[in-house]
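Residue numbers (numbering that gives the first Met the number 0), protein chains in the order written: chain A, 0 to 496; chain B, 0 to 496.
These aren't lab readings, by the way, just hints derived from the structure by calculation. Just so we're clear, the structure is a prediction, and the values are computed from it rather than from any experiment. Mixed in with the good hints, there may be bad ones.
In silico DSS-like cross-links for lysine-lysine, where the CA-CA straight-line distance does not exceed 30 Å [claimed, not checked]:
1) A/LYS312 - A/LYS339
2) A/LYS258 - B/LYS477
3) A/LYS339 - A/LYS351
4) A/LYS137 - B/LYS351
5) B/LYS434 - A/LYS58
6) B/LYS347 - B/LYS333
7) B/LYS137 - A/LYS347
8) A/LYS347 - A/LYS312
9) B/LYS434 - B/LYS385
10) B/LYS434 - A/LYS333
11) A/LYS253 - A/LYS7
12) A/LYS333 - B/LYS347
13) A/LYS88 - A/LYS253
14) B/LYS339 - B/LYS88
15) A/LYS219 - A/LYS434
16) B/LYS339 - A/LYS351
17) A/LYS58 - B/LYS339
18) A/LYS339 - B/LYS137
19) B/LYS426 - A/LYS58
20) B/LYS434 - B/LYS312
21) A/LYS137 - B/LYS58
There are 2 protein chains.
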Amino acid sequence: MAQAQRIKPRAQDFSEWYNDVIMQAELADYSPVRGCMVIRPLGYRIWELMQRALDDMIKAAGHQNAYFPLFIPMSFLAKEAEHVEGFAKEVALVTHTRLIATGKTGAGAVAVDPSSALEEPLVVRPTSETIIYAMFAKWIHSYRDLPLLLNQWCNVVRWELRTRLFLRTTEFLWQEGHTAHATEAEAEAEARLILGLYRRFAEEWMAMPVLTGVKTESEKFAGALRTFAIEALMQDNKALQAGTSHNLGQNFAKVFDVKYQTAAGDLAHVWNTSWGVTTRLIGGLIMTHSDDNGLVAPPRLAPIQVVIVPIYKSDDERHAVLQAADQVRGDLEKAGLRVKLDGRSELKPGAKYFEWEARGVPLRLEIGPRDVAAGQVTMARRTGGKAPVRLDSLAATVSEALAEMQAALLQAARDRREQHSIRGVTKQQFIDFMKAQGGFAYGGFCGSAECEAEIKDATAATIRVLPDPEFRSAEAPKTCMWCGKPSVAEAVWAQAY
Amino acid sequence: MAQAQRIKPRAQDFSEWYNDVIMQAELADYSPVRGCMVIRPLGYRIWELMQRALDDMIKAAGHQNAYFPLFIPMSFLAKEAEHVEGFAKEVALVTHTRLIATGKTGAGAVAVDPSSALEEPLVVRPTSETIIYAMFAKWIHSYRDLPLLLNQWCNVVRWELRTRLFLRTTEFLWQEGHTAHATEAEAEAEARLILGLYRRFAEEWMAMPVLTGVKTESEKFAGALRTFAIEALMQDNKALQAGTSHNLGQNFAKVFDVKYQTAAGDLAHVWNTSWGVTTRLIGGLIMTHSDDNGLVAPPRLAPIQVVIVPIYKSDDERHAVLQAADQVRGDLEKAGLRVKLDGRSELKPGAKYFEWEARGVPLRLEIGPRDVAAGQVTMARRTGGKAPVRLDSLAATVSEALAEMQAALLQAARDRREQHSIRGVTKQQFIDFMKAQGGFAYGGFCGSAECEAEIKDATAATIRVLPDPEFRSAEAPKTCMWCGKPSVAEAVWAQAY
Numbered sequence: 000m001a002q003a004q005r006i007k008p009r010a011q012d013f014s015e016w017y018n019d020v021i022m023q024a025e026l027a028d029y030s031p032v033r034g035c036m037v038i039r040p041l042g043y044r045i046w047e048l049m050q051r052a053l054d055d056m057i058k059a060a061g062h063q064n065a066y067f068p069l070f071i072p073m074s075f076l077a078k079e080a081e082h083v084e085g086f087a088k089e090v091a092l093v094t095h096t097r098l099i100a101t102g103k104t105g106a107g108a109v110a111v112d113p114s115s116a117l118e119e120p121l122v123v124r125p126t127s128e129t130i131i132y133a134m135f136a137k138w139i140h141s142y143r144d145l146p147l148l149l150n151q152w153c154n155v156v157r158w159e160l161r162t163r164l165f166l167r168t169t170e171f172l173w174q175e176g177h178t179a180h181a182t183e184a185e186a187e188a189e190a191r192l193i194l195g196l197y198r199r200f201a202e203e204w205m206a207m208p209v210l211t212g213v214k215t216e217s218e219k220f221a222g223a224l225r226t227f228a229i230e231a232l233m234q235d236n237k238a239l240q241a242g243t244s245h246n247l248g249q250n251f252a253k254v255f256d257v258k259y260q261t262a263a264g265d266l267a268h269v270w271n272t273s274w275g276v277t278t279r280l281i282g283g284l285i286m287t288h289s290d291d292n293g294l295v296a297p298p299r300l301a302p303i304q305v306v307i308v309p310i311y312k313s314d315d316e317r318h319a320v321l322q323a324a325d326q327v328r329g330d331l332e333k334a335g336l337r338v339k340l341d342g343r344s345e346l347k348p349g350a351k352y353f354e355w356e357a358r359g360v361p362l363r364l365e366i367g368p369r370d371v372a373a374g375q376v377t378m379a380r381r382t383g384g385k386a387p388v389r390l391d392s393l394a395a396t397v398s399e400a401l402a403e404m405q406a407a408l409l410q411a412a413r414d415r416r417e418q419h420s421i422r423g424v425t426k427q428q429f430i431d432f433m434k435a436q437g438g439f440a441y442g443g444f445c446g447s448a449e450c451e452a453e454i455k456d457a458t459a460a461t462i463r464v465l466p467d468p469e470f471r472s473a474e475a476p477k478t479c480m481w482c483g484k485p486s487v488a489e490a491v492w493a494q495a496y
Numbered sequence: 000m001a002q003a004q005r006i007k008p009r010a011q012d013f014s015e016w017y018n019d020v021i022m023q024a025e026l027a028d029y030s031p032v033r034g035c036m037v038i039r040p041l042g043y044r045i046w047e048l049m050q051r052a053l054d055d056m057i058k059a060a061g062h063q064n065a066y067f068p069l070f071i072p073m074s075f076l077a078k079e080a081e082h083v084e085g086f087a088k089e090v091a092l093v094t095h096t097r098l099i100a101t102g103k104t105g106a107g108a109v110a111v112d113p114s115s116a117l118e119e120p121l122v123v124r125p126t127s128e129t130i131i132y133a134m135f136a137k138w139i140h141s142y143r144d145l146p147l148l149l150n151q152w153c154n155v156v157r158w159e160l161r162t163r164l165f166l167r168t169t170e171f172l173w174q175e176g177h178t179a180h181a182t183e184a185e186a187e188a189e190a191r192l193i194l195g196l197y198r199r200f201a202e203e204w205m206a207m208p209v210l211t212g213v214k215t216e217s218e219k220f221a222g223a224l225r226t227f228a229i230e231a232l233m234q235d236n237k238a239l240q241a242g243t244s245h246n247l248g249q250n251f252a253k254v255f256d257v258k259y260q261t262a263a264g265d266l267a268h269v270w271n272t273s274w275g276v277t278t279r280l281i282g283g284l285i286m287t288h289s290d291d292n293g294l295v296a297p298p299r300l301a302p303i304q305v306v307i308v309p310i311y312k313s314d315d316e317r318h319a320v321l322q323a324a325d326q327v328r329g330d331l332e333k334a335g336l337r338v339k340l341d342g343r344s345e346l347k348p349g350a351k352y353f354e355w356e357a358r359g360v361p362l363r364l365e366i367g368p369r370d371v372a373a374g375q376v377t378m379a380r381r382t383g384g385k386a387p388v389r390l391d392s393l394a395a396t397v398s399e400a401l402a403e404m405q406a407a408l409l410q411a412a413r414d415r416r417e418q419h420s421i422r423g424v425t426k427q428q429f430i431d432f433m434k435a436q437g438g439f440a441y442g443g444f445c446g447s448a449e450c451e452a453e454i455k456d457a458t459a460a461t462i463r464v465l466p467d468p469e470f471r472s473a474e475a476p477k478t479c480m481w482c483g484k485p486s487v488a489e490a491v492w493a494q495a496y
């Protein structure tokens, strides 16, 4: 167990606070490999809970999981022009397959065997469109084979120069869905369906409100026709792109020759979609809810939902209290809750509170001799508030409290986001807003990549999405907030991770 | 959907039969990357069911999941001498991180950017002892941090020259457990505990009986003190090493300096274990149970446990039969079963039977108009036998049938193994046995690596395990069956995958 350390307050240095929360809660750690992180058990458990929930949703929508190779022949990546351009500068390349002894001992004892060079280097997948659609070409023959709806959970590698735990790492974990459809309309509907699914997951499980919408040409995925995204606002008022869903059109189908015979007997290229969310979501969860005491985990994704801390002085007290605490644990587990009884004798209750707070456990139940005598426990919420609860209705009270906290976290995050959003901005308001606190700025957009680039240079803000109708301002903006030309769409800008 | 093809009978060519079963059931496919396979939805679903069951067992035994980097610095792998020697000739090496355009188009459009060479090449993990124990050194300080019991589910890469779907692929999926303990006895107990867990999983879930025991020095894991294994016998009488559990001693702890402060205040190195099972298990499942009609899946791991095939001629019949079939599907799903209603109108029932047989579905329910009228369905077992079942007791009857089939598959595999085992062999019997049908041969072993090597040269058989007491012959052999010197242990030989 790491020694208890102070967490730098958010107000002083958000970035240090973020790292402190992760290290203090033991969610992850730096590894000896540049840019690669180790996901420690608490962080990985959150990922498992996310996976379980998302996987159920993805399967309920008719998709099946599969697994495709880690390696992609270099020439495959090169087949789609935009795609290779997007990834060429950040790929890990496997070029050799053997080590030889150098005769030395220790760190320099081996070297790459030059005689083991591969004929064609292999790219460690940065994303799997190319290898997957090469397989689709083999499997899809007729309209009866469509739609083909696959998903895989795996690791991918992008050689990032600046990395941050969970948010941007050289290797990360994700799911990537890949589908093929008979028509453009079906592909568009699929990309939209998944966007809705991601939104539901972010809001219902992570308690993280998101905007949905479409990306501009300059922000879309390399090789896509259109990219949809969910975007969340972190506590430092920077946006986090939390998931993307791409309508790939027929770009990859043409390059990999994925064709099917229509009902009428013609040959036609399929329409593809791809979509993914990553371990970055854990970073989003942390930056949405946590505070200066450490992690705050939304109850539905909390690895431990309830921690029970027994309080006693004498051995007699200890016996009675531990017995009651164990009974409570059993009852709550029977109710389907994730419970931990912290029976460590070498730590005082206060030290345990401190530790479980840092680890984001939503509810703490304190049980002392007086509680046992009174048939109650004291229930403390991670987000504040403490009250006695009767043992005879404990499971119900705890479940209600967790549901309330889940809802309150979403509401608080939504309120915060709205407090840090401005609508109908003028150019000067925009500049001031981005210079001061930042957040989501809604304004008119002329549609030109030049305006986007100028805005980015001047303010570091980018268009996060052209928002879906639900998120648009009551009145559509008439002019581009930057250049004053007619607006083609309302846009939402923010500085972003 | 692939066209229905003949599966080569086992008796004619076991190896072709194996590939045919996989391709026909669409469990996996060859990929464009040498030695890497694609695991298709049906195969991956088996893996998911295996993962769920094993993961529950691993967690119930106190382990937590985590995730460590895909890449290992070359120098780390080199630190443990036996370890690097074991893996040096089969590692994928990442040496560069950028592609550059060559000006051409198509397949030759990019090349490795020579200016992107890494200072230190990275090894794509063939196994993760080195990177994980480097982290353990950072996390373990005191005896209170022990035991540390971690596991990860991930992909690994070993550059195999000869590959076979599921059994030996360049990339494969596995779980690798890694633990640290205060004493040698605890590490030994852990390695043994996991061996028992693997055996339980193989027998209770896969219906695949296994021998347990310890490997000889020449067959142990590179870097281990002792390797324990579970070994199964396939239908072609070749052995399959289905899981291994290693007591690593202090080999890695010394190299990576993993020390802890004892309760007495001294510093001591920890004792490690590591253990894993892989997607090779799917190959084992196939080769244990399947027949000339295709896959036979043990019910507990069958992606679809029951397929319902409606039979009708007129539209009136169709309506009534589909309604009844859908009711059956709902009832069985409510009972927790994995059910598929095959309502395709373009295929005749016989074609559906053929397809679901190839895909290993344990039970088929046929429902025709007469069945509807009589309040029954016809239940056909994948392993043979067909009988009417009353609808009012269907869920119970189906569950019982699945449980019976699960038990019968294990018993049949056990009987087959015993029929192909000989005990107390002499040298000549051994040679004849290995030349003829093959199987598990039990005999005395002098303990010398020279005998092992000679036997392997002469018969292609290796010692699978020095079996645990439960599997040993009633009378301990007195002499080595090969050289005639005194026997130090009974051994089990077989030709192996």
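Review point. Holds or violated: B/LYS347 with B/LYS333, Cα cutoff 30 Å?
Key: 28 Å, holds
Review point. Has the given pair, A/LYS88 with A/LYS253, been kept, meaning a C-alpha gap of at most 30 Å?
Key: 24 Å, holds
Check your understanding: Taking only the CA atoms, is the gap from B/LYS137 to A/LYS347 under or equal to 30 Å?
Key -> With Cα atoms ~25 Å apart, B/LYS137 and A/LYS347 stay inside 30 Å; holds.
Check your understanding: When you check the alpha-carbon spacing of A/LYS137 and B/LYS58, does it fall within 30 Å?
Key -> 39 Å, violated
Exercise for review: Please work out if A/LYS339 and A/LYS351 have their alpha carbons no farther apart than 30 Å.
Suggested key: 12 Å, holds
Review point. Under the criterion that the straight-line Cα-Cα distance not exceed 30 Å, is the pair B/LYS434, B/LYS312 satisfied?
Key: 55 Å, violated
Check your understanding: Hey, B/LYS339 versus A/LYS351, does the alpha-carbon distance stay inside 30 Å?
Key -> 50 Å, violated
Check your understanding: Is it true that the CA of A/LYS347 sits at most 30 Å from the CA of A/LYS312?
Key -> Status holds; Cα separation ~10 Å.
**Study point:** Distance restraint between A/LYS253 and A/LYS7, which requires alpha-carbon spacing of 30 Å or less
**Key:** 52 Å, violated
Practice item. With a cut-off of 30 Å on the C-alpha distance, tell me whether A/LYS58 and B/LYS339 pass. Key: 14 Å, holds
Practice item. For the pair supplied as a hint, A/LYS137 and B/LYS351, confirm whether the alpha-carbon distance does not exceed 30 Å. Key: Measuring from Cα to Cα gives roughly 23 Å; hence the hint holds.
Review point. Under the criterion that the straight-line Cα-Cα distance not exceed 30 Å, is the pair B/LYS434, B/LYS385 satisfied?
Key: 40 Å, violated
Comparing the model with each earlier hint shows violations of hints 2, 5, 9, 10, 11, 12, 14, 16, 19, 20 and 21; every other hint is respected.
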